[in-house]
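Enquirer: Let the hints inform the model, and build the full structure from the sequences given.
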Amino acid sequence: MVSRAYRFSLNSSRVPAGEPLLEIRDLSLRFGGIHALSAVSFTVTQGQVHAVIGPNGAGKSSLLNCLSGLYRPQQGQALLHVRDDAGESSTHDLARLRPHRIARLGVARSFQNIELFGHLTVLENLMLGRHIHMRHRLLASMVWFGPARRQEVRHREFVEEVIDLLQLQAHRHQPVSALAYGIQKRVELGRALCVEPSLLLLDEPMAGMNAEEKEDMARYILDVHELRHVTVLLIEHDMGVVMDISDRISVLDFGRLIGDGTPDAVRANRAVVEAYLGADA
Amino acid sequence: MAATATGIYHRSYQREMALRHTRAEYLRLALLVTALLATPYVLDRYWLSIVNTILIAVIGAVGLNILVGFTGQISLGQGGFLAVGAFTSALLYERAALPMPVSVLCAVLLTAGAGALFGLPALRLKGLYLAIATLASQEIIVFIARRWTFLRDGSAPLSVERLHIGGYQITREYFEFQWYWVLLGCAVLAVLGARNLFRSGLGRAFMAVRDQDIAASAIGVNVTRAKVTAFAVSSGFVGLAGALSAHYTETVTWESFTLEVSILYLAMIIVGGLGSIAGACYGAVFMMLVPVLLNESIGAVGDSLPFLSGRLPAIENAVFGLVIILFLLLEPRGLDRIWQRMKDYLRFWPFRY
Ligand SMILES: Nc1ncnc2c1ncn2[C@@H]1O[C@H](COP(=O)(O)OP(=O)(O)OP(=O)(O)O)[C@@H](O)[C@H]1O
Ligand SMILES: [Mg+2]
Chain A
1 MVSRAYRFSL NSSRVPAGEP LLEIRDLSLR FGGIHALSAV SFTVTQGQVH
51 AVIGPNGAGK SSLLNCLSGL YRPQQGQALL HVRDDAGESS THDLARLRPH
101 RIARLGVARS FQNIELFGHL TVLENLMLGR HIHMRHRLLA SMVWFGPARR
151 QEVRHREFVE EVIDLLQLQA HRHQPVSALA YGIQKRVELG RALCVEPSLL
201 LLDEPMAGMN AEEKEDMARY ILDVHELRHV TVLLIEHDMG VVMDISDRIS
251 VLDFGRLIGD GTPDAVRANR AVVEAYLGAD A
Chain B
1001 MAATATGIYH RSYQREMALR HTRAEYLRLA LLVTALLATP YVLDRYWLSI
1051 VNTILIAVIG AVGLNILVGF TGQISLGQGG FLAVGAFTSA LLYERAALPM
1101 PVSVLCAVLL TAGAGALFGL PALRLKGLYL AIATLASQEI IVFIARRWTF
1151 LRDGSAPLSV ERLHIGGYQI TREYFEFQWY WVLLGCAVLA VLGARNLFRS
1201 GLGRAFMAVR DQDIAASAIG VNVTRAKVTA FAVSSGFVGL AGALSAHYTE
1251 TVTWESFTLE VSILYLAMII VGGLGSIAGA CYGAVFMMLV PVLLNESIGA
1301 VGDSLPFLSG RLPAIENAVF GLVIILFLLL EPRGLDRIWQ RMKDYLRFWP
1351 FRY
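Residue numbers (the working numbering), protein chains in the order written: chain A, 1 to 281; chain B, 1001 to 1353.
It should be emphasised that the hints constitute simulated quantities derived from the structure, not laboratory data.
Keep in mind that the hints are not guaranteed to be accurate.
[To be verified] Not everything, but these chain B residues come out facing chain A in the computed CB check (under 10 Å):
# : residue
1 : L1189
2 : L1192
3 : G1193
4 : G1201
5 : L1202
6 : R1204
7 : S1217
8 : A1218
9 : V1221
[Said to hold, decoys possible] To spell it out: a stretch of chain A is covered by chain B in this simulated footprint if at least three of its residues, at any positions, have a beta carbon under 8 Å from a beta carbon of chain B; those stretches are:
#  : region
10 : 17-24
11 : 144-154
Virtual Cβ for every residue (Gly too), placed ideally from N, Cα, C.
Expert: Below is the structure:
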């Protein structure tokens, strides 16, 4: 379906496929008396689509917020493995870094309740996804002609590929707040892709969509994964979709990890079936 | 709005990023340039002096809009920052005998620094709380300007010698005319600089912080740094306006930088359009010009109705307030939005849809 040759790779992680990319260890997060996460540990492997499932209030979004620096867990680590151009590896604990530092490591995300820049156009939202790859110098920006404009054009080319991939051409210049819900979700995915993620975190990318829109979104995520080899950690409620598209599934319930494995293994897991799948199984 | 984009095709990203695309846009630009070039030859000294104060206000309003309209950080400290710019440039020019361009540049940098410093509360506070914090900075700066005798000539306000840049001397005879070109040059540079800022990444980061600071941090914008930078950049523009006003009025006193001035500037950008450079310009013109026009017209009425003469200033203020309220009721998004709608209307005229 995507036939065009792309110039840019969307994946910025150089960790070889099959090796651990993110190791979550003993992550615990409390809000007053609520244990949103209790000693959660699992590993996300480079090159996989990894789903996190669980009933409402299980702590899925809290987990993602810990990984992107928005929540500070009281305990535990989230170790991201990074390999630079020279092949040197380093490890960063996401649980200790500020959000913009984490973004600089290439961890990009979408939000459960769309968090776009409402007054800006689709194009501007996507260009903002390029923020960490651009240099921001005041005088050059105010002069515009020269480095600032060259930089804009260069990153615009990247952004156009994402527009092409997600079929957002018709909406380029529209303010995002005027767009339909499903398209806003797509723009949010696009903005995260423009970061050139080493790890893509998606919080319920298909929530609130109709069947057709869900199918489209699943297709886009698979494209991103199969054609561009981006590692995806995704939260999703729709079990059908999750079983279809993920390589590995972690199950949360009341902040605890009650299952972790391949889709088949999870489906066969008693505790999981009782806690979560019970209703549909 | 969507309609404006149809039927315009671009061949390169460069072309698309240009500020103007259509023949109509270039025509309007040509008209504006002609008007600006003709202004000093058409207007008399009185009206030209008003245009000059408008040009200074344009720079200040653009600066304030960078902070309030584009970055979403409310500030009541405008008067204070104007004061920093004015006193700095005046003192360096008068007492350190620096050439005016240098003293103005120093004023811009120092005001930017002061802005960054007084913007630090913005890292913790939002909305009305931030407004109160900037109100404090306003009062602190004006307090210093009032009490520090170093900023005065004995008991008189600080006076600034008539402007000369190198061999170029502003003369009494052509005072407004010569200043017009100086101020126009500065205003044009300020407006273009700000326009450019907001079509490049740095300005976009400011707008991202305004719209959604959590998402901004999640794509790698250092929100702390963006806010402080916005305060500094905005204050730099405001410092320029302050410095120019010092040299133009040739006297500096704290009384021209009170809270009222801060509110006047806020009114400019609200009436003109928050988050729009053009809006800041329209707002500055509006807020500086309408009182003068009201004064003229009400004065004329007052001549024929002598019993009103004692109340004219009050009536003027009331009518001014009324005009502002009417405009905001008609189009809360400001003059810029009214202008956009007019353009859309004309584009499709005589077809309504
Ligand atoms: N900022 C917060 N302050 C207080 N409690 C919070 C906060 N964020 C989450 N919680 C609590 O933590 C628990 C886990 O919430 P979380 O949003 O992570 O669940 P979730 O699995 O994403 O649920 P959903 O499927 O409804 O999105 C809930 O009990 C929630 O009330
Ligand atoms: Mg959630």
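Enquirer: For each hint, tell me whether it holds in the structure or not.
Expert: Right, here's what the structure says about each hint:
This hint holds: L1189 (chain B) has a C-beta 9 Å from the nearest C-beta of chain A, less than the 10 Å allowed. Because the smallest distance between the Cβ of L1192 (chain B) and any Cβ of chain A comes to about 8 Å, under 10 Å, the interface hint for this residue holds. Taking 10 Å as the C-beta cut-off, the interface hint given for G1193 (chain B) holds, the closest approach to chain A being about 4 Å. Hint status for G1201 (chain B): holds, given a least beta-carbon distance of 4 Å to chain A, under 10 Å.
Hint on L1202 (chain B) holds. Least Cβ distance to chain A is approximately 4 Å, under the 10 Å limit. Among the interface hints, the one on R1204 (chain B) holds; its C-beta lies about 5 Å from the nearest C-beta in chain A, closer than the 10 Å criterion. With a least beta-carbon distance of about 4 Å to chain A, the hint placing S1217 (chain B) at the interface is held under the 10 Å criterion. The criterion of a C-beta within 10 Å of any C-beta in chain A is met by A1218 (chain B), whose closest approach is roughly 5 Å, and the hint holds.
Of the supplied interface hints, the one on V1221 (chain B) holds, with its beta-carbon coming within about 6 Å of a beta-carbon of chain A, less than 10 Å. Here the region 17-24 of chain A counts 0 residues with a CB under 8 Å from a CB of chain B, which misses the bar of 3, and the coverage is violated. Check result for the region 144-154 of chain A against chain B: holds, 6 residues qualifying (beta carbon to beta carbon below 8 Å, three or more required).
Consistency note: the structure conflicts with earlier hint 10 alone.
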